[in-house]
Amino acid sequence: MSGFLVAHPGFAALAAILCIPALAAAVLALVRDDRAGAWLNVLASFLTLASALLLLAFERPQPGPFLIVDDLNAVFIVISTLVGFTTSVFSASYIAHELETGRLTHAYLRFYHAMYQVLMFGMNLALLSNNIGLMWVAVELATLTTVLMVGIYRTPAALEAAWKYFLLGSVGIALALFGTILVYLAARAAVGEGLDAMAWNVLVQNAAAFDPAFLNLAFVFLLLGYGTKVGLVPLHAWLPDAHAEGPTPISAVLSGLLLNVALFAVLRFKSILSANPAALAPGPLMVTLGLVSVVFAALMLYRRQDIKRLFAYSSIEHMGVVTFAFGMGGPLANFAGLLHMALHSLTKSAIFFCVGQIAQAKGTQRMADIRGLTLSHPALGWSLGLGVVAIAGLPPMGLFMTEFLIITSTFARAPALAIILGLALLVGLGALLLRLNGLAFGEPDGRNDPVKASFLPLGLHLGLVLAAGVWLPPALVAWFQYVATLLS
Amino acid sequence: MISSFALDLAHLFAGGLVLVSFMLLYQDRMTGLINTFALHALVVSLSVAWQAHIQAAPHLYITAAIALLVKAMVIPLALHRIVVRLGIHRTIEPVVGIGLTMLAGIGLVALSIMVMLPIAAQAGTLAREDLAFALSVILLGLLMMVSRRNAVSQVVGFMSIENGLILAATGAKGMPLVVEISVAFSILVALIVIGIFLFRIRERFETVDIHLLHEHRGEQP
Numbered sequence: 001m002s003g004f005l006v007a008h009p010g011f012a013a014l015a016a017i018l019c020i021p022a023l024a025a026a027v028l029a030l031v032r033d034d035r036a037g038a039w040l041n042v043l044a045s046f047l048t049l050a051s052a053l054l055l056l057a058f059e060r061p062q063p064g065p066f067l068i069v070d071d072l073n074a075v076f077i078v079i080s081t082l083v084g085f086t087t088s089v090f091s092a093s094y095i096a097h098e099l100e101t102g103r104l105t106h107a108y109l110r111f112y113h114a115m116y117q118v119l120m121f122g123m124n125l126a127l128l129s130n131n132i133g134l135m136w137v138a139v140e141l142a143t144l145t146t147v148l149m150v151g152i153y154r155t156p157a158a159l160e161a162a163w164k165y166f167l168l169g170s171v172g173i174a175l176a177l178f179g180t181i182l183v184y185l186a187a188r189a190a191v192g193e194g195l196d197a198m199a200w201n202v203l204v205q206n207a208a209a210f211d212p213a214f215l216n217l218a219f220v221f222l223l224l225g226y227g228t229k230v231g232l233v234p235l236h237a238w239l240p241d242a243h244a245e246g247p248t249p250i251s252a253v254l255s256g257l258l259l260n261v262a263l264f265a266v267l268r269f270k271s272i273l274s275a276n277p278a279a280l281a282p283g284p285l286m287v288t289l290g291l292v293s294v295v296f297a298a299l300m301l302y303r304r305q306d307i308k309r310l311f312a313y314s315s316i317e318h319m320g321v322v323t324f325a326f327g328m329g330g331p332l333a334n335f336a337g338l339l340h341m342a343l344h345s346l347t348k349s350a351i352f353f354c355v356g357q358i359a360q361a362k363g364t365q366r367m368a369d370i371r372g373l374t375l376s377h378p379a380l381g382w383s384l385g386l387g388v389v390a391i392a393g394l395p396p397m398g399l400f401m402t403e404f405l406i407i408t409s410t411f412a413r414a415p416a417l418a419i420i421l422g423l424a425l426l427v428g429l430g431a432l433l434l435r436l437n438g439l440a441f442g443e444p445d446g447r448n449d450p451v452k453a454s455f456l457p458l459g460l461h462l463g464l465v466l467a468a469g470v471w472l473p474p475a476l477v478a479w480f481q482y483v484a485t486l487l488s
Numbered sequence: 001m002i003s004s005f006a007l008d009l010a011h012l013f014a015g016g017l018v019l020v021s022f023m024l025l026y027q028d029r030m031t032g033l034i035n036t037f038a039l040h041a042l043v044v045s046l047s048v049a050w051q052a053h054i055q056a057a058p059h060l061y062i063t064a065a066i067a068l069l070v071k072a073m074v075i076p077l078a079l080h081r082i083v084v085r086l087g088i089h090r091t092i093e094p095v096v097g098i099g100l101t102m103l104a105g106i107g108l109v110a111l112s113i114m115v116m117l118p119i120a121a122q123a124g125t126l127a128r129e130d131l132a133f134a135l136s137v138i139l140l141g142l143l144m145m146v147s148r149r150n151a152v153s154q155v156v157g158f159m160s161i162e163n164g165l166i167l168a169a170t171g172a173k174g175m176p177l178v179v180e181i182s183v184a185f186s187i188l189v190a191l192i193v194i195g196i197f198l199f200r201i202r203e204r205f206e207t208v209d210i211h212l213l214h215e216h217r218g219e220q221p
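Residue numbers (my numbering), protein chains in the order written: chain A, 1 to 488; chain B, 1 to 221.
Bear in mind the hints are in silico, worked out from the structure with no lab data behind them. Given the structure is predicted, the values throughout are model-derived calculations rather than measurements. One thing to keep in mind: the hints can contain errors.
As the list claims (entries may be wrong) - Derived, one-sided and incomplete: chain B residues facing chain A with beta-carbon distance under 10 Å:
hint, residue
1, Leu-19
2, Met-23
3, Ala-120
4, Met-175
Stated by the list, open to error - Calculated Cβ distances over 10 Å to all of chain A for the following chain B residues:
hint, residue
5, Asp-8
6, Leu-9
7, Arg-29
8, Thr-31
9, Arg-85
10, Ile-98
11, Leu-100
12, Leu-108
13, Arg-149
14, Gln-154
15, Lys-173
16, Gly-195
C-beta atoms are modelled at their ideal positions from N, C-alpha and C, and glycine is treated no differently.
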């Protein structure tokens, strides 16, 4: 066995990405010491990240019936494990504070750490699976763990948020399963019965021979089902509540990673449809849903009172932008969409790291009670400012460049859509800057506890986003461009 | 080749499932609702067992057994206890009238038959009708979830959707992972039921209107 793993280092890395979180979850469920648990969580997340990077370095393993590594999911897996690692570092200090203030008990903390790793396992499995049924099970697992984490504080609001997430997520997952069954039926006629008719690589190769009517109907169900998890309007109702009521590290992982995983599923099915010339073009559907999400979320940003809700709506906006970009298609829009998604993951999780510390220092999430952060907590206040500038799509941050690319590439093909998108983004920008003004400047008042948390994850994320706006390494550009051409 | 008797019986079970879905729609008492759901699960388990027999696919018997044990027995019993404990065996509060719900249900069944039959024509006689019936059951379950306010009736609606999915999955001949998926679903359902019990969720939020929800959380200016 060990000889085989040495001879196939790529396969070993693939196995490690899945086995480390699974093992860590089992161990963490048994560790009684809080600090040991937190650091073990960090260690496991770091090892998973290291395996993901090794996976890039080594020769890729051959796709099997259940697992696959290709150019598309390599991008997602690196982002996923990176944010998973930095969030675990943030979570270690955040959770210690929650324990001190008595919001979490020791038993719940153990449960929290174990669930964190189960969530990582679920997301990694969903990304790496080569089987549409397995991917469905993995997405369901990831959803269930986040439901449990959202409700972990056991307050009425948290339970209500968890319940709402649960019901909407379950309906979404049910629709996605029906779509999955329809894809299997479409493939069965061309590929034959059995596992082959559910394997990605086989499906994409043979998609041209599938019955287009089946594929069309399947895609509608899949888009609605997985779209619920992406948080596309009008299926977004669970998202703000789940972000606001759960622990902040979970909000960071939800926005930064789980939404991406769901979008990844949509992209996979989109490529099957695109490979069949007779099937309906999936683009317009995605463009519509994406655009509606952007416009709706941008308008909703103005009336928010709760700081975590504000950024949850901003996540809806950005997932809308990414869905829009992938729906437009073409190498340029796909490239921008992919990069936008990666940078949004980094920026939004950085903002949630910030917001979590702010909420702990001020003892509230109400924006009306938070003022003058740049005076009371300079480091936090200015980081939040930088994060909001990035998420609002202002230069010199990376998201400015990607939004610019998306709008200009759309302008060449559908000027009307580009104008709507541009206006909506400006409206959202106005709301965010308005809020930032209130939060960061003015006279500080209310509680002002000192902040102990580590700034390392925050600085790393914002640094990367800034670097992406100023200079992108050519190797990274080439890699993303290659994936973008594969998608179109 | 499947004999015409085998086909007729498969269609009888699938059609029966749609009928029981309609019965779920007009229940106005909790006890009746839960008993009707147990019947729903019984019909689906019979249907799956019959599919296992005519497709010569013994692993489907596991799915049938899970449906029978978990959904037709354990969960209805647990739900009965919850209803008594929480004191909610009084009438169910529908959002719209029963008559209107039934009319909408008829429309949904007509829609799913019109959509599925032409599309699924090449999938074989068995899968074609099964898919149309399964889609009807799923849509009726969704209708039930949106037309009821009570958490327990919403869960029953969700479980009837799940039964429809199992029907579709077993009708798709030779589909791998059906057993695994049905196990994953049973875990999901069990968690939902435990969730209601532990967290004592009596009512769903009064409306899906986010406006009112925000009032609860101090989001109203």
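Here's how the hints hold up against the structure:
Interface restraint check for Leu-19(B): the shortest CB-CB distance to chain A comes to about 20 Å, outside 10 Å, so the restraint is violated. Residue-level restraint check for Met-23(B) is violated (minimum Cβ-Cβ distance to chain A is 21 Å; threshold 10 Å). Of the supplied interface hints, the one on Ala-120(B) holds, with its beta-carbon coming within about 7 Å of a beta-carbon of chain A, less than 10 Å. For the restraint placing Met-175(B) at the interface with chain A, the shortest Cβ-Cβ distance is roughly 5 Å, inside the 10 Å limit, so the hint holds.
Distance check for Asp-8(B) against chain A: the nearest CB is about 22 Å away, which clears 10 Å, and the non-interface claim stands. With a minimum CB-CB distance of about 22 Å to chain A, Leu-9(B) clears the 10 Å threshold, and the non-interface call stands. For Arg-29(B), the shortest C-beta to C-beta distance to chain A comes to about 22 Å, beyond the 10 Å cut-off, and the non-interface label holds. Here Thr-31(B) stays apart from chain A, with its beta-carbon at least about 23 Å from theirs, past the 10 Å limit.
At the 10 Å boundary, the C-beta of Arg-85(B) stays outside the reach of chain A, the nearest C-beta of that chain being 17 Å off. Even its closest Cβ contact with chain A, about 22 Å, leaves Ile-98(B) beyond 10 Å, as expected for a residue assigned away from the interface. At the 10 Å boundary, the C-beta of Leu-100(B) stays outside the reach of chain A, the nearest C-beta of that chain being 21 Å off. Here Leu-108(B) stays apart from chain A, with its beta-carbon at least about 14 Å from theirs, past the 10 Å limit.
Distance check for Arg-149(B) against chain A: the nearest CB is about 12 Å away, which clears 10 Å, and the non-interface claim stands. Not every beta carbon of chain A lies more than 10 Å from that of Gln-154(B), the smallest distance being close to 6 Å; the non-interface claim is violated. Consistency note on Lys-173(B): stated as away from chain A, yet its beta-carbon is not over 10 Å from all of that chain's, at 7 Å minimum. With a minimum CB-CB distance of about 7 Å to chain A, Gly-195(B) fails to clear the 10 Å threshold, and the non-interface call is violated.
When held up to the earlier numbered hints, the structure conflicts with 1, 2, 14, 15 and 16 and fits the remainder.
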